[in-house]
Amino acid sequence: MGNDAVVTLLRRWSGNRCTHYMTRGTPSKSHHCSLISHSVISHPNHLALLRSRQLASLLYHPSRFPPRRRCFHLLHVASREEAKVTQLSRPATMKVFEISNGTTLSLALFTDVTNSKELLEFMQAGTLEPEVAFLNASLIPDVFPLLAAAHKTLVSKSRESLTTRTLHSELVYNYSGSKHITESLKRCGISDSSTYVLAARFNASPDEMKAVEKLINGKEIDLEELEGRADKAHIQKHYKITALELGISSLADAITCRIAARDAL
10 MGNDAVVTLL RRWSGNRCTH YMTRGTPSKS HHCSLISHSV ISHPNHLALL RSRQLASLLY
70 HPSRFPPRRR CFHLLHVASR EEAKVTQLSR PATMKVFEIS NGTTLSLALF TDVTNSKELL
130 EFMQAGTLEP EVAFLNASLI PDVFPLLAAA HKTLVSKSRE SLTTRTLHSE LVYNYSGSKH
190 ITESLKRCGI SDSSTYVLAA RFNASPDEMK AVEKLINGKE IDLEELEGRA DKAHIQKHYK
250 ITALELGISS LADAITCRIA ARDAL
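Just so we're on the same page, our numbering is the position in the sequence shown counted from 1, plus 9.
Just so you know, the hints here were simulated from the structure itself, not pulled from any lab data. Hints may contain errors.
Cut-off 20 Å, straight-line C-alpha distance, at most; resulting in silico cross-link-like pairs (PhoX-like, lysine-lysine) [as the list claims (entries may be wrong)]:
#, residue 1, residue 2
1, K195, K249
2, K188, K104
3, K246, K188
4, K104, K223
What follows is a list of derived Cβ distance ranges for each label pair [stated by the list, open to error]:
#, residue 1, residue 2, range
5, T204, K246, 30 to 40 Å
6, E138, L253, 37 to 47 Å
7, A252, T175, 34 to 44 Å
8, T175, E229, 35 to 45 Å
9, E233, I257, 23 to 33 Å
10, E130, E234, 40 to 50 Å
11, L253, E222, 17 to 27 Å
Cβ atoms here follow ideal geometry from the backbone N, Cα and C, with glycine treated the same way.
Full structure from sequences and hints, please.
Shown next as structure tokens:
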């Protein structure tokens with residue numbers, strides 16, 4: 010396999026069942042590969058190759074996963090030149106990432122937020138301007154899973170198959186890794202009492218991001234603080250991540266795995 014080869018392995022073991030999905034070529038119907046097409050790919054340097062036709066492979070390795078355990082592990086081998094998700098800017102606080110075909114996602118992290126109730130009311134009334142996704146930042150240990158959710162959101166948009174009302178609520182829904190819409194928005198979005206918030210907007214202009222920053226009464230901090238401020242116990246409970254899985258994976262990879270595989274499980 011050359012250095013530029015792309016291999017995505019999504020290992021899954023549930024009970025006594027093992028399923029293998031092809032990684033290259035056109036899948037047969039019996040393999041149901043379409044269930045996890047558009048899957049996201051992890052990269053050790055937090056760059057990602059997000060291809061609309063990338064297929065994942067579900068493999069079981071007895072030496073690593075004992076019976077009756079359900080584990081996920083996402084691996085990726087790719088050259089830097091192939092990475093499609095790149096960080097476009099690195100200011101002290103707000104950052105912009107290219108997701109796919111020129112579409113960007115701007116992120117800004119806030120702590121000590123005092124007006125979450127007001128923001129939530131604006132969102133529920135559909136009067137939030139500009140439209141933006143507000144996420145419960147304590148569930149986000151790294152930006153990569155959110156970029157994975159963003160890519161999945163853009164795929165749904167391209168197919169005209171959004172599950173929620175707006176592009177930005179779809180981002181929150183996809184980050185949850187769950188199929189329960191209301192519960193997903195409640196858990197991964199903000200609440201009346203949220204004080205730690207991540208704001209995200211697709212294709213935001215500089216003026217729009219300034220407007221977003223003015224919406225939030227709080228202190229803007231660097232995205233690098235996500236890992237240290239993450240509520241690891243809450244994350245493990247929400248995504249059902251076991252200590253066994255964390256022995257071979259990170260929290261970010263475990264979340265990404267669930268986002269990628271949600272529609273296949």
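Evaluation of the provided hints:
no. : hint                     : result
1   : K195 to K249             : 17 Å, holds
2   : K188 to K104             : 29 Å, violated
3   : K246 to K188             : 16 Å, holds
4   : K104 to K223             : 16 Å, holds
5   : T204 to K246: 30 to 40 Å : 20 Å, violated
6   : E138 to L253: 37 to 47 Å : 46 Å, holds
7   : A252 to T175: 34 to 44 Å : 37 Å, holds
8   : T175 to E229: 35 to 45 Å : 24 Å, violated
9   : E233 to I257: 23 to 33 Å : 25 Å, holds
10  : E130 to E234: 40 to 50 Å : 27 Å, violated
11  : L253 to E222: 17 to 27 Å : 41 Å, violated
Checked against the numbered hints above, the structure violates hints 2, 5, 8, 10 and 11; every other hint is satisfied.
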